[in-house]
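The lines below spell out each chain.
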Amino acid sequence: MATSRLWDPFADHHRANPYLMYERLRVESPIHRSQSGDLVLTRYADIRNVLQNTEDFRAGNRKEWIERQVTYLHNKGEDFKAVTDAMNSFIVMMNPPEHTQLRAIIMEAWDDHDVDLIIKSNIDELLLSCGKSFDLVKDFAEPLPVMTMTRIMGMPHKDYNFLKQVATGVLRSLDMYTSFKDLVKIDAASKQFMEYLNRYLDYREANPSTDLVSKIVRQYQQKNIPVSRKQMLSICIFLFMAGEETTVNLIGSGLYTLLNHPQQHSALVSDPALLDNAVDEALRYESPVQLVGRIASRDLELNGVAIKKEDTLTLSLGAANRIRKCLLNQINLTSIEMQSTTLPLVPAFTFAWDRGWQRNSGSWRC
Amino acid sequence: MKPVELDEIITFLKQVIARETKLDVNKIEVDQHLGVFGLDSINSVYVLQQLEDFLQLELSPLLFWDYPTIKSLSIHLYQLKNNGNEQALGSIR
Chain A
1 MATSRLWDPF ADHHRANPYL MYERLRVESP IHRSQSGDLV LTRYADIRNV
51 LQNTEDFRAG NRKEWIERQV TYLHNKGEDF KAVTDAMNSF IVMMNPPEHT
101 QLRAIIMEAW DDHDVDLIIK SNIDELLLSC GKSFDLVKDF AEPLPVMTMT
151 RIMGMPHKDY NFLKQVATGV LRSLDMYTSF KDLVKIDAAS KQFMEYLNRY
201 LDYREANPST DLVSKIVRQY QQKNIPVSRK QMLSICIFLF MAGEETTVNL
251 IGSGLYTLLN HPQQHSALVS DPALLDNAVD EALRYESPVQ LVGRIASRDL
301 ELNGVAIKKE DTLTLSLGAA NRIRKCLLNQ INLTSIEMQS TTLPLVPAFT
351 FAWDRGWQRN SGSWRC
Chain B
1001 MKPVELDEII TFLKQVIARE TKLDVNKIEV DQHLGVFGLD SINSVYVLQQ
1051 LEDFLQLELS PLLFWDYPTI KSLSIHLYQL KNNGNEQALG SIR
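Protein chains in written order, with this note's numbering: chain A, 1 to 366; chain B, 1001 to 1093.
Hints are computed from structural coordinates only; laboratory data are not their basis.
Heads up, a few of these hints could be off.
List time: in silico DSSO-like cross-link candidates among lysine-lysine, alpha-carbon distance up to 30 Å [unchecked claim]: (1) B:K1022 <-> A:K185; (2) A:K181 <-> B:K1071; (3) B:K1014 <-> A:K181.
Far from chain B, some chain A residues (derived; all Cβ distances over 12 Å) [said to hold, decoys possible]: (4) D8; (5) K76; (6) L268; (7) V279; (8) V305.
Values in this document were obtained by computation on a predicted structure and should not be read as measured data.
Positions of the beta carbon are idealized from the N, C-alpha and C atoms, including for glycine.
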């Protein structure tokens, strides 16, 4: 029989609430060798150290695993090359200096002001279409990031449903575990997404505009950095889907948290200036990305635990960001202390992220 | 659906693991840790798929690690298949 498992992320009760599992891990085995051999980390300080130490811990464990898997299956006569092609330039799977270079190009092409206007206009449009009673996740949180990225990247609005479908398909490549059936689906979505983007890049090269894709192409030309079509396809795929699930999770669990904490909800409603802090606090309290992966680049020791070269580390951001007192169900929108402890994620591509499991996918009406 | 006997599951597992790891099927012991045969995070995906097809069940990606011998795995799968005891794995995906 299976032994008692500290790490059991697929159990229903842990999906519904992983924080008790995290807490037990943090107390009993903060650097835990899981049944599948990877090390699961739950302490804030350990996770911060690993994320900051890019010399000893590299990003890209999902990409490396999928590359090995695709090679293995190729020898069995199965072709999943589209999956590795789609992933070849995912920024979160990259390491310095390539990561630094791509990040700089995206940041120069990215215009916060333009993006804010697009987001605001999309929010207005969605709220107008929502009516008095609506499903927050399905009718608002899910369409918002896809509509936004479609506009930021200059693609036709009519393609939005197709793009949502293929982006959601490719996103599964970042799941913690991938089955053969998952690979079949990711492969199909990757092919469709790349075919579409190939035509789109042809069009944009002939008709450059002020959209993000044209600006990235221009950045490469101005800096005289060679970039292949294959790389551009992958860069575009990742940009499109990067904020998709994280945004849905943040909006859904953020409002859910507020509804469960009526005093905090009232405080925010009566003082909208608290909003920025509230978003940070929501990111910390219910991390939209629960797990990220790293690979050890050499043999080393972390807090007395021996780590071997090529060991995979699963970093639980969800655990790290919920410090002990938060287990008492405390959130505090006015706390500035929290801001210094939160491991930031999405806004600036600061840390590589990996999908954990979709805890927040259930939708509900409000 | 036709019930599957425990022996059938054991025989199937031995054959499929032998094929993937290129070992003689007679060398596959039911009490040995699967890792000893060379089952790893890469080839286990293919083995799991064949097992799902054989049993017509959706199985946990952590299955081989949670039940790390052919014996424990077969008993678990037998119960899962024949007793409809799918609760533990009910929402793997």
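Hints, verified against the model:
no.: 1; hint: B:K1022 <-> A:K185; verdict: holds, 29 Å
no.: 2; hint: A:K181 <-> B:K1071; verdict: holds, 26 Å
no.: 3; hint: B:K1014 <-> A:K181; verdict: holds, 22 Å
no.: 4; hint: D8; verdict: violated, 8 Å
no.: 5; hint: K76; verdict: violated, 7 Å
no.: 6; hint: L268; verdict: holds, 33 Å
no.: 7; hint: V279; verdict: holds, 30 Å
no.: 8; hint: V305; verdict: holds, 19 Å
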